[in-house]
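Note that the protein sequences, when read in sequence, are chains A and B. Counting in the numbering used here, the final residue of the first sequence is number 401, and the numbers go up one at a time with none missing. Counting in the numbering used here, the final residue of the second sequence is number 401, and the numbers go up one at a time with none missing.
By construction, these hints were calculated from the structure, which means they are not laboratory data. There may be inaccurate statements among the hints.
Claimed, not checked - Rough simulated footprint, nothing fancy, chain A against chain B, three-plus residues with beta-carbon under 8 Å:
#1 186 to 196
#2 203 to 215
#3 240 to 248
#4 255 to 269
All C-beta atoms, glycine included, are put in the ideal place defined by N, C-alpha and C.
There are 2 protein chains.
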Amino acid sequence: MFDETDPTNPPPVSGAWFEGDDPADRRFSQFTGGRPFVLESGESLELPDLAFETWGELNEDASNAVLVCHALTGDSHAASHPGGHTPEAAHGTSPDGWWERVVGPGKTIDTNKYYAVCANVLGGCQGSTGPASVDPGAGMLYGPTFPQVSIRDQVRAQAKLADQLGIQTWVSVVGGSMGGMQALEWAVTFPDRVRSVAALASTACSTAQQIAWSQAGRMAIMADSHWNAGWYYGGGPGHGPHRGLATARVVAMIHYRSDTEFNRRFGRTSSHGQPAAEHGAEFDIERYLAYQGAKFVRRFDANSYIMLNHMMDLHDLGRGRGGIGPALSRVRCPLFTASVSTDFLYPEYQQRELVEGFEAAGQWTTHVMIDADTGHDGFLTHGEQVEPQLRSFLDKIASEPQI
Amino acid sequence: MFDETDPTNPPPVSGAWFEGDDPADRRFSQFTGGRPFVLESGESLELPDLAFETWGELNEDASNAVLVCHALTGDSHAASHPGGHTPEAAHGTSPDGWWERVVGPGKTIDTNKYYAVCANVLGGCQGSTGPASVDPGAGMLYGPTFPQVSIRDQVRAQAKLADQLGIQTWVSVVGGSMGGMQALEWAVTFPDRVRSVAALASTACSTAQQIAWSQAGRMAIMADSHWNAGWYYGGGPGHGPHRGLATARVVAMIHYRSDTEFNRRFGRTSSHGQPAAEHGAEFDIERYLAYQGAKFVRRFDANSYIMLNHMMDLHDLGRGRGGIGPALSRVRCPLFTASVSTDFLYPEYQQRELVEGFEAAGQWTTHVMIDADTGHDGFLTHGEQVEPQLRSFLDKIASEPQI
């Protein structure tokens, strides 16, 4: 029997106690074909799994595949599956995925036409091998010993998954924020395997401020009385560094959104009436954020959060390639990108830099400015301002003869 | 002998182990004349002290006094004292105060002309009675039982200090951020006792985003393994919720500054060369912030931090006065205010609201836009863009006949 206080005797399923880790529509790829996966850092993972989902049908010449890459806290469940399972456990009472508006029949990524694939990132906590998985070499959970994965490692893992699925070239690799980092790395690492990339609210490299926010989250987690240097799994639910992780989530929710939105939605209201001048007074914004924090810790692993945030910090298309300019000169495909008017985490100049780089490489680009008060999250909350253009972009790419 | 593990047997000096709590130029006012000070919340403080410092000489008719109000983490030591002590312990190797550029002979607040006064806020940890002080009623430290103080309470305490000093009317009450909140409350609470107010990078009420940041800091502190529900004093230095408080400081440093500044000063540099793709890689921005966090915990008390942040959350000129408009209609003096172009914590619209309110009350105003990439802190880092105008403003006020 599983002894939940003993990390050397772990539960059999990866990250078993994170809500949403078992949607029945998920498939698994031991993408390395039984060999260790050597990471950019030189460390390696033995027999790692990628959890992935697909929508639509791959056509005969495998020329209709679109790879969807999720953002920091996403997973493989980009959308529900028509006629498929209803993973209530994964997503509350709804089978909807995190990009339900975009992926599906007749939608932006029209699965009557395209074969869409989305994999949970390596090091995540929703099915792919991550810190809450068993290290086969050690016979215990990886925990904080899980090696640092890079965006480039993710892209190489996804390329191996593509090989297994028989996909040589993607119509597009599409993602926002951290998902966009992966799309951009595809364009630079495998210029011959992508006919286009779409990177929404993303960047060529993480900036000092993005790294700083990431650090603040890490510090909050590591100060938690239940952090225990990353060995917190034995205690089971309720025993991880939940207060620290919730704090990290609250910090993130604030810089993902905007002052304008918070004024509009919350202002200084309190459902308890006029806020009293006491320690315990609670504004609605506080209650909202506390709820978001509490919800998050049920579905995310702190070790994954730390490793993936640091992965984003390390993101730099120019690393080892002579800088961002020379890196972008490698691209051989068009770029779709979008900014949000109130995004102070990934401001517009970062997407402009991508446009300039792709155009300098002789590629055409489409840039959409989303006018929304929801900050960085605007590419999700105000998708209607970008999805029609993204759909046209994809259809234009798909209709062009493949070289 | 003091048993440092026993909170009922506290050290004799308020907040004794916070660096900088004993500058020799500081004076103390038991401003209530031996009576309890009843707070806006209805709770009261027995025999509270205000620590304050003064510069210059009060003239015969007490018509040259300027009150300087410090921001969240400031103290009474706004400037050094010519010929005075050199409190190295308080401010490293420099006797300089936090507004050294502004307060002194020949400076913006010219102490050859004005009598400047600055008091540590009630509930602070640099000499005024606060959570790290002894509660005379209980015979032990206040700790987390210290009552919630409001900005209005601060202003009423400062008014009693003014009474003691023989000052009926201030030439101006001047401050930035939380100091500006106090200046504004002076104009509304005691319109007959201020001839002007100067509130830099401040606001008529805290916004949802400001409250949200404040909450994130509180959460970080309270998740710390050494928080112990606020009873952490017994352990002495190194035993408080230092990691949580450092995290709160890091979160604050990021939203006090800006993306542009961090790009300029740090970018993606690492003094260890090209950042490696490993957990331990440290960017210069991370080292800088970690240093700021570590420095802060030596001089600030977590209980003070929490209480004062919540005091700022509760700041609302309009509370109990029918809203901000009616509150501002009470003012009877000119306003000086300043914004910083990259301040996303207290954006310009908040200072514009003050200008409109004062002008609607028939008062003249001066608004200065500071063009700086240092965010909210721009009123300190780029003071040269606002100090000449502030000096002119003060001199104009002082030269006008007192009504």
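Structure-based check of each hint:
1. 186 to 196: n = 0 at 8 Å, threshold three: violated.
2. 203 to 215: holds (count 10)
3. 240 to 248: With 5 residues close enough to chain A, the hint holds.
4. 255 to 269: holds (count 8)
Checked against the numbered hints above, the structure breaks only hint 1 and satisfies the rest.
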